[in-house]
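Chemist: Go by the hints and put chain B onto chain A.
2 protein chains.
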Amino acid sequence: MRHKSFEEMTCAIAQTLNQVGEWWSLLLIRDALHGLTRFDEFQQSMGISPNSLTRRLSELCDRGLLERRRYQERPPRDEYVLTDRGRDLRPVIEALGAWGRRHVTGKKAAVRLRDDETGAEVDPVLVDRHTGRRLDGEGFHYAATRVAHPVKRSRLPKV
Amino acid sequence: MRHKSFEEMTCAIAQTLNQVGEWWSLLLIRDALHGLTRFDEFQQSMGISPNSLTRRLSELCDRGLLERRRYQERPPRDEYVLTDRGRDLRPVIEALGAWGRRHVTGKKAAVRLRDDETGAEVDPVLVDRHTGRRLDGEGFHYAATRVAHPVKRSRLPKV
Numbered sequence: 001m002r003h004k005s006f007e008e009m010t011c012a013i014a015q016t017l018n019q020v021g022e023w024w025s026l027l028l029i030r031d032a033l034h035g036l037t038r039f040d041e042f043q044q045s046m047g048i049s050p051n052s053l054t055r056r057l058s059e060l061c062d063r064g065l066l067e068r069r070r071y072q073e074r075p076p077r078d079e080y081v082l083t084d085r086g087r088d089l090r091p092v093i094e095a096l097g098a099w100g101r102r103h104v105t106g107k108k109a110a111v112r113l114r115d116d117e118t119g120a121e122v123d124p125v126l127v128d129r130h131t132g133r134r135l136d137g138e139g140f141h142y143a144a145t146r147v148a149h150p151v152k153r154s155r156l157p158k159v
Numbered sequence: 001m002r003h004k005s006f007e008e009m010t011c012a013i014a015q016t017l018n019q020v021g022e023w024w025s026l027l028l029i030r031d032a033l034h035g036l037t038r039f040d041e042f043q044q045s046m047g048i049s050p051n052s053l054t055r056r057l058s059e060l061c062d063r064g065l066l067e068r069r070r071y072q073e074r075p076p077r078d079e080y081v082l083t084d085r086g087r088d089l090r091p092v093i094e095a096l097g098a099w100g101r102r103h104v105t106g107k108k109a110a111v112r113l114r115d116d117e118t119g120a121e122v123d124p125v126l127v128d129r130h131t132g133r134r135l136d137g138e139g140f141h142y143a144a145t146r147v148a149h150p151v152k153r154s155r156l157p158k159v
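Sequence order for the protein chains is A and B. Heads up, the first sequence is in the working numbering, so the first residue is 1 and it goes up one at a time. Heads up, the second sequence is in the working numbering, so the first residue is 1 and it goes up one at a time.
Chain A with its partners taken away, still in its complex shape (with noise of 0.2 Å):
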């Protein structure tokens, strides 16, 4: 199930999809960053066959997203932990979670992110870093820089 490659592509938003690849690449993300490292949590998690999961993390660890640790010799058993590349698809993980209950299962996680000091729960959402305002909301236009594709240019106001 490999998907067509956008590496021609120079949109950084195209990159992201090609390095993660495939939806179960995320979803293996997820449970990654909720704390899974090894074959089988991977696998009872996922519900996936051991060669499908095989597959899917060596090209995570190909990529740079995981990596493969050794914690046992005898007999030999690998573990598998985020690497700072993958853990920075956090705030991708979040997007992608809080559309998903706002509009389709209406529920909260079942897994849910936490402030390691109050305990309280985290509500995700997108700002601007300069002022701190909802990028949800109104108040936000596109503007094309001269490197954007004609049709973009077209369309929207110039940088």
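Read the hints as simulated data drawn from the structure, not as lab findings. Please note that the accuracy of each hint is not assured.
List of simulated lysine to aspartate or glutamate pairs, EDC-like, C-alpha gap at most 20 Å [claimed, not checked]: (1) 158/B / 117/A; (2) 107/B / 123/B; (3) 158/A / 88/B; (4) 108/A / 88/B; (5) 158/A / 121/B; (6) 107/A / 123/A.
Derived Cβ-Cβ restraints for the label pairs, each shown as a range [to be verified]: (7) 78/B / 40/A: 49 to 57 Å; (8) 145/B / 67/A: 23 to 31 Å; (9) 68/B / 154/A: 21 to 29 Å; (10) 49/B / 123/A: 40 to 48 Å; (11) 47/B / 67/A: 55 to 63 Å; (12) 129/B / 47/A: 47 to 55 Å; (13) 68/B / 118/A: 45 to 53 Å; (14) 73/B / 39/A: 58 to 66 Å.
Glycine residues also receive a C-beta, built at the ideal position from the N, C-alpha and C atoms.
Modeler: Chain B only, in chain A's frame:
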């Protein structure tokens, strides 16, 4: 290029992936957020065949992410406009873009989100709505509710 369905899963992340359907869907949503509405605009931007594009636009309409609107009667011409449900994917798109710029392209975006009032470029960051703290840093942990998968309940603190 259909994906295995995740409908049977209760996870909101999986549900979102199920709704968005394929990588290409998210790139079409990106283009719609960038202001494109017409078939030939999407085709120029995406560089895919008319057949593929027709099918993908129809899927997004069926899922309530885009809405088809007639803008000309003779000859009949439709355009495709984001619904509220579709527009709500902006945090997902921006989170994907932020990751790609940081870890893959290393470049600024070709199309940039700007503040309406100041014209300043937006730097999207996911924070906790309650505290304003960034979710890509330390200071957070996941906890499992009673409905979480047993393998996660055994790994995580309980809610």
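Chemist: With reference to the structure, classify each hint as holding or not holding.
Modeler: We went through each hint and held it up to the structure:
1. In summary, the hint linking residue 158/B to residue 117/A is supported, as the alpha carbons are separated by about 16 Å, within the 20 Å threshold.
2. As the CA atoms of residue 107/B and residue 123/B are separated by approximately 13 Å, the hinted pair is consistent with the 20 Å bound.
3. At roughly 24 Å between alpha-carbon atoms, residue 158/A and residue 88/B are farther apart than 20 Å, so this suggested pair is violated.
4. Restraint check: the Cα-Cα separation between residue 108/A and residue 88/B comes to about 18 Å, which is no more than 20 Å; the hinted pair holds.
5. A C-alpha spacing of about 12 Å is found between residue 158/A and residue 121/B, which places the hinted pair at or below 20 Å, so the restraint holds.
6. Restraint check for residue 107/A and residue 123/A: the C-alpha separation of about 13 Å stays at or below 20 Å, so the hint holds.
7. Take residue 78/B and residue 40/A: their Cβ atoms lie about 50 Å apart, and the range 49 to 57 Å holds.
8. Take residue 145/B and residue 67/A: their Cβ atoms lie about 29 Å apart, and the range 23 to 31 Å holds.
9. The hinted window of 21 to 29 Å between residue 68/B and residue 154/A holds, with their beta carbons roughly 22 Å apart.
10. Between residue 49/B and residue 123/A the beta carbon distance is about 42 Å. The supplied range of 40 to 48 Å therefore holds.
11. Against the hinted window of 55 to 63 Å, the Cβ-Cβ separation of residue 47/B and residue 67/A comes to about 35 Å, which falls outside the hint.
12. Against the hinted window of 47 to 55 Å, the Cβ-Cβ separation of residue 129/B and residue 47/A comes to about 33 Å, which falls outside the hint.
13. For the pair residue 68/B and residue 118/A, the supplied restraint of 45 to 53 Å holds, since their beta-carbon distance comes to about 46 Å.
14. Residue 73/B and residue 39/A have their C-beta atoms about 60 Å apart, which keeps the hinted 58 to 66 Å range intact.
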